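Engineer: Protein chains in written order, with my numbering: chain A, 44 to 155; chain B, 170 to 284.
Calculated from the structure, these hints are not laboratory results.
Since we're looking at a predicted model, the values are computed, not measured.
Note that CB positions come from ideal geometry on N, CA and C, so glycine has one too.
Accuracy of the hints is not assured; some may be wrong.
Cut-off 30 angstroms, straight-line C-alpha distance, at most; resulting in silico cross-link-like pairs (DSS-like, lysine-lysine) [as the list claims (entries may be wrong)]:
#  : chain 1 : residue 1 : chain 2 : residue 2
1  : B       : K247      : A       : K62
2  : A       : K95       : B       : K247
3  : A       : K65       : B       : K276
4  : B       : K276      : B       : K242
5  : B       : K247      : B       : K224
6  : A       : K95       : A       : K84
7  : A       : K62       : B       : K239
8  : A       : K95       : A       : K62
9  : B       : K242      : A       : K79
10 : B       : K242      : A       : K84
11 : B       : K276      : A       : K84
12 : A       : K61       : A       : K83
13 : A       : K95       : B       : K239
14 : A       : K79       : B       : K247
15 : B       : K242      : A       : K62
16 : B       : K276      : A       : K79
17 : B       : K242      : A       : K83
Which bits of chain B does chain A cover? Going by a derived footprint, with three or more residues having C-beta under 8 angstroms, they are [claimed, not checked]:
#  : stretch
18 : 188 to 201
19 : 244 to 250
20 : 271 to 281
Take a look at the letters that make up each chain.
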Amino acid sequence: ETGVTQTPRHLVMGMTNKKSLKCEQHLGHNAMYWYKQSAKKPLELMFVYNFKEQTENNSVPSRFSPECPNSSHLFLHLHTLQPEDSALYLCASSQATGGEQYFGPGTRLTVT
Amino acid sequence: AQTVTQSQPEMSVQEAETVTLSCTYDTSENNYYLFWYKQPPSRQMILVIRQEAYKQQNATENRFSVNFQKAAKSFSLKISDSQLGDTAMYFCAFMNSNSGYALNFGKGTSLLVTP
Numbered sequence: 044e045t046g047v048t049q050t051p052r053h054l055v056m057g058m059t060n061k062k063s064l065k066c067e068q069h070l071g072h073n074a075m076y077w078y079k080q081s082a083k084k085p086l087e088l089m090f091v092y093n094f095k096e097q098t099e100n101n102s103v104p105s106r107f108s109p110e111c112p113n114s115s116h117l118f119l120h121l122h123t124l125q126p127e128d129s130a131l132y133l134c135a136s137s138q139a140t141g142g143e144q145y146f147g148p149g150t151r152l153t154v155t
Numbered sequence: 170a171q172t173v174t175q176s177q178p179e180m181s182v183q184e185a186e187t188v189t190l191s192c193t194y195d196t197s198e199n200n201y202y203l204f205w206y207k208q209p210p211s212r213q214m215i216l217v218i219r220q221e222a223y224k225q226q227n228a229t230e231n232r233f234s235v236n237f238q239k240a241a242k243s244f245s246l247k248i249s250d251s252q253l254g255d256t257a258m259y260f261c262a263f264m265n266s267n268s269g270y271a272l273n274f275g276k277g278t279s280l281l282v283t284p
């Protein structure tokens, strides 16, 4: 595996479900990011982790809970989501904050 | 707050022709980075080109080049000799320390390259 991978690629969940999105980077980077991409809106930053420490939380609702156990893995735990949370969730990584970011293929999330 | 504006929601160009995508941004900072990302229909976001604000020389990457006008806060992307594989959404993005070095994206321009 090379680059940035994300699983699952597609996820459908009910509003009462709990699920997790996974991101893994094979680039030796130290910074990882979660972005949300909704239709007809710019990509929105959600969280930034640098050396496993969260450095940015862009006013994201608490129903989204990130976890970064090490510099290679990033999770986004989801619970009691709303239909408006349906979107493409993109993970990215960079050598350091400020460096070029490399994106994963995204998880297409649908909340029913 | 930094904002990035892409005023062209959709554009089309014929194969082998040249097309320019526009991007303007708003910031009070002097040190920052600008990027163009490409997102083909498969959805994998790919970095096309990067420009450091302190560099006066415009960045180039093969058929892709930028026209960086710092005073005007303009950062356009020129694609020369367009190819069918250039069909994608193109996003302009801004980054600096005030944003925690995260990317601020524009809404994107959908480019269609036709035969």
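Engineer: Compare the structure with each hint and give your call.
Structural biologist: Going down the list of hints, with the structure as the test:
Taking the CA atoms of B/K247 and A/K62, the gap is about 42 angstroms. The hint is violated against a cut of 30 angstroms. Restraint check for A/K95 and B/K247: not satisfied, since their Cα atoms lie roughly 38 angstroms apart, outside the 30 angstroms limit. Between A/K65 and B/K276 the alpha-carbon distance is near 26 angstroms, which keeps this suggested pair within the 30 angstroms criterion. Using a Cα cut-off of 30 angstroms, the hinted pair B/K276 and B/K242 holds, with the two alpha carbons roughly 17 angstroms apart.
The suggested pairing of B/K247 with B/K224 holds, with an alpha-carbon distance near 18 angstroms, which does not exceed 30 angstroms. A threshold of 30 angstroms between alpha carbons decides the hint, and for A/K95 with A/K84 the separation of about 29 angstroms falls inside it, so the pair holds. Distance hint between A/K62 and B/K239 is unfulfilled; the C-alpha atoms sit about 44 angstroms from each other, more than 30 angstroms. The hinted pair formed by A/K95 and A/K62 meets the criterion: a straight-line CA distance of about 21 angstroms does not exceed 30 angstroms.
Between the alpha carbons of B/K242 and A/K79 the distance comes to roughly 26 angstroms, so the proposed pair stays at or under 30 angstroms and holds. Pair hint B/K242 plus A/K84 holds up; C-alpha atoms about 22 angstroms apart against a cutoff of 30 angstroms. Between the alpha carbons of B/K276 and A/K84 the distance comes to roughly 6 angstroms, so the proposed pair stays at or under 30 angstroms and holds. Under the criterion of a C-alpha separation no larger than 30 angstroms, the hint pairing A/K61 with A/K83 is consistent with the structure, at around 27 angstroms.
With a CA separation close to 35 angstroms, the supplied pair A/K95 and B/K239 exceeds the 30 angstroms bound. Taking the CA atoms of A/K79 and B/K247, the gap is near 27 angstroms; set against the 30 angstroms cutoff, the hint holds. Of the pairs offered as hints, the one joining B/K242 and A/K62 is violated, with about 42 angstroms between alpha carbons and a cut-off of 30 angstroms exceeded. For the hint linking B/K276 to A/K79, the alpha-carbon distance of about 13 angstroms falls within 30 angstroms, and the restraint holds.
With a C-alpha separation of about 24 angstroms, the suggested pairing of B/K242 with A/K83 holds against the 30 angstroms cut-off. With 0 residues carrying a beta carbon less than 8 angstroms from a beta carbon of chain A, the stretch 188 to 201 of chain B misses the three-residue requirement, and the given coverage is violated. Restraint check on the stretch 244 to 250 of chain B versus chain A: 0 residues with Cβ-Cβ distances below 8 angstroms, three needed, restraint violated. For the stretch 271 to 281 of chain B, the stated coverage by chain A is satisfied: 7 residues place a CB nearer than 8 angstroms to a CB of that chain, which reaches the threshold of 3.
Consistency with the previously given hints fails for numbers 1, 2, 7, 13, 15, 18 and 19, ordered from lowest to highest.
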